[in-house]
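Between the sequences and the hints, there should be enough to build the whole structure, so can you do that?
Numbering follows the UniProt record's numbering, in which position 31 of the sequence shown is assigned residue number 31; successive positions increment by one, without gaps.
Careful, some of the hints might be misleading.
Have a look at the derived ranges for each label pair, beta carbon to beta carbon [as the list claims (entries may be wrong)]:
(1) A14 to N76: 48 to 54 Å
(2) E53 to N76: 44 to 50 Å
(3) T38 to T77: 28 to 34 Å
(4) G43 to C73: 29 to 35 Å
(5) D40 to V3: 17 to 23 Å
Don't read these hints as lab results, they were simulated from the structure.
Don't be surprised by glycine CBs; every beta carbon is placed ideally from N, CA and C.
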Amino acid sequence: MEVIDEEFKRRKVATGNEKKKGKKNTVHDELDQVVGTTEDEFGDGMAHIRERELLFGEGSLLQVFGPLIVTICGNNTLYR
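Below is the structure:
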């Protein structure tokens, strides 16, 4: 998932650099708007997947460290 995200960001930067070169084309601009919407949806999807895996997935951080946090918070006088 990280590799896909890095490739996505690399392509986004590359297309951003091409835009800065000054090419003005209405069809190209409309296509960029559609692609931008798709990029936003892809980014939101990746963030959602990461969040679900970090919080609720099997072997997630919450599952691994949750009992430790409960113990520490339950014995707050012991852990100062």
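Under the constraints set out in the numbered hints, which ones does this structure not fulfil? 2, 3
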